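> Keeping their order, the protein sequence lines are chains A and B.
Following this note's numbering, the numbering of the first sequence begins with 1 at its first residue and continues without gaps.
Following this note's numbering, the numbering of the second sequence begins with 194 at its first residue and continues without gaps.
These are calculated hints, taken from the structure and not from any lab test.
Some clues are possibly wrong.
[As the list claims (entries may be wrong)] Now the in silico label distances, taken between C-beta atoms and shown as ranges:
1) B:GLY262 - A:GLN59: 44 to 52 Å
2) A:GLU177 - B:LEU331: 19 to 27 Å
3) B:LEU371 - A:ASN62: 24 to 32 Å
4) B:GLY262 - A:ARG146: 26 to 34 Å
5) A:SER191 - B:GLY262: 35 to 43 Å
This one's a predicted model, so the numbers in the text were calculated from it and none came from an experiment.
By construction, the Cβ of each residue, glycine as well, lies at the ideal position given by its N, Cα and C atoms.
Number of protein chains: 2
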Amino acid sequence: MPATVRRETAQGLPTPTPKRSFCDNVLAVNHNTSAGTRKGLIVQMFTMQPIGFVKSPYQNRNDVPRGLGAKHDAEGVLEILPEFEPGLMDIEGFSHLFVIWVFDRSGGCELLASPPSDNRQHGVFATRSPMRPNPIGLTVVELMRRAGPRLHVRGIDMLEGTPILDIKPYLSSIAPELLRRGWLAEAEARSAQ
Amino acid sequence: MPATVRRETAQGLPTPTPKRSFCDNVLAVNHNTSAGTRKGLIVQMFTMQPIGFVKSPYQNRNDVPRGLGAKHDAEGVLEILPEFEPGLMDIEGFSHLFVIWVFDRSGGCELLASPPSDNRQHGVFATRSPMRPNPIGLTVVELMRRAGPRLHVRGIDMLEGTPILDIKPYLSSIAPELLRRGWLAEAEARSAQ
């Protein structure tokens, strides 16, 4: 059976102490597996590999438009590694794609985020902050054309060289009248006053 | 600096041979780092940890509705681990969420997928097949209510116990008139004849 992922199962980790940051979980698994004191605690980790890299006009974070009204219409290329090119068959029939990628330069995580679109803090899972427990990014792009293993797309908000983990077809939308957008809608309303 | 992710950098990996499956990449990195013969080849891996687990009515793959016209209105719970609960602050203001999760029982990967909605093969990145190079799932759910670290949602298509990697707010939709849905639209048209 081909293996797509390596699963690290660490049994017998020490009981977490309150002062230990959640951000240390991964390192604790890696460093303390031989110091286990708590039986039965199993932490399963998942190791991901890049399937390609983003060609982007943005070299660093400050280049990416952010905040209320930021437009994401930059063009770029999803360069898929040659060994994965067969996986792109028929992708050119889709107008939009989900791209799942890694914030490989985010440097840490914070459970409360301060988005550029608001002057208040919000839970990281209610934001698109790069400083997440797992530094995974998600972007919807418009597929303009495919040239072999290169997908020319519009709507890039990743940095040059960003590792891509997965691409999926965008199949359906939630109707706008059904959407509630919480703090973001409130921040937009305040900004418009 | 808190560490959110462990990065495994394997330098000096052996040159891949054509007959080696792309699915073996991860194992190659793990097993051959001391046997490097090719200088300068760097493979960066990313290790992800669950932030919680899905409570689902589906115990195994055959329980999940699949194929053309499959409805995904099952209710379930995203049970977030206690240490990540502060990251949910203000999430209740959003009607819909992206859930990024792991196909932890998918068993392998194939670059050409045979979706249940079609009798033809398509590239895995043009499908939602679970057998992906990185076994990452993406589901849009409707958030019904939050009870502490538990998000009660509608639209579950994951199995019971599925590890969750990330949650993000659903902020905007692509207008239906702008969407092209490739082979899926064609399969639907053939099915309706």
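> Is it true that the C-beta distance of GLU177 (chain A) to LEU331 (chain B) lies inside 19 to 27 Å, as the hint says?
Since GLU177 (chain A) and LEU331 (chain B) have Cβ atoms about 23 Å apart, the given range 19 to 27 Å holds.
> Regarding GLY262 (chain B) and GLN59 (chain A), is the given constraint of 44 to 52 Å on their beta-carbon distance met?
At roughly 46 Å between Cβ atoms, GLN59 (chain A) and GLY262 (chain B) fall inside 44 to 52 Å, so the hint holds.
> Starting from the hint 24 to 32 Å, judge whether the C-beta atoms of LEU371 (chain B) and ASN62 (chain A) obey it.
Check passed, 30 Å falls within 24 to 32 Å.
> Given the range 35 to 43 Å, decide if the beta-carbon distance of SER191 (chain A) to GLY262 (chain B) lies inside it.
42 Å, holds
> Is the hinted range of 26 to 34 Å satisfied by the C-beta distance from GLY262 (chain B) to ARG146 (chain A)?
Since GLY262 (chain B) and ARG146 (chain A) have Cβ atoms about 29 Å apart, the given range 26 to 34 Å holds.
Hint compliance for this structure: no hint is broken.
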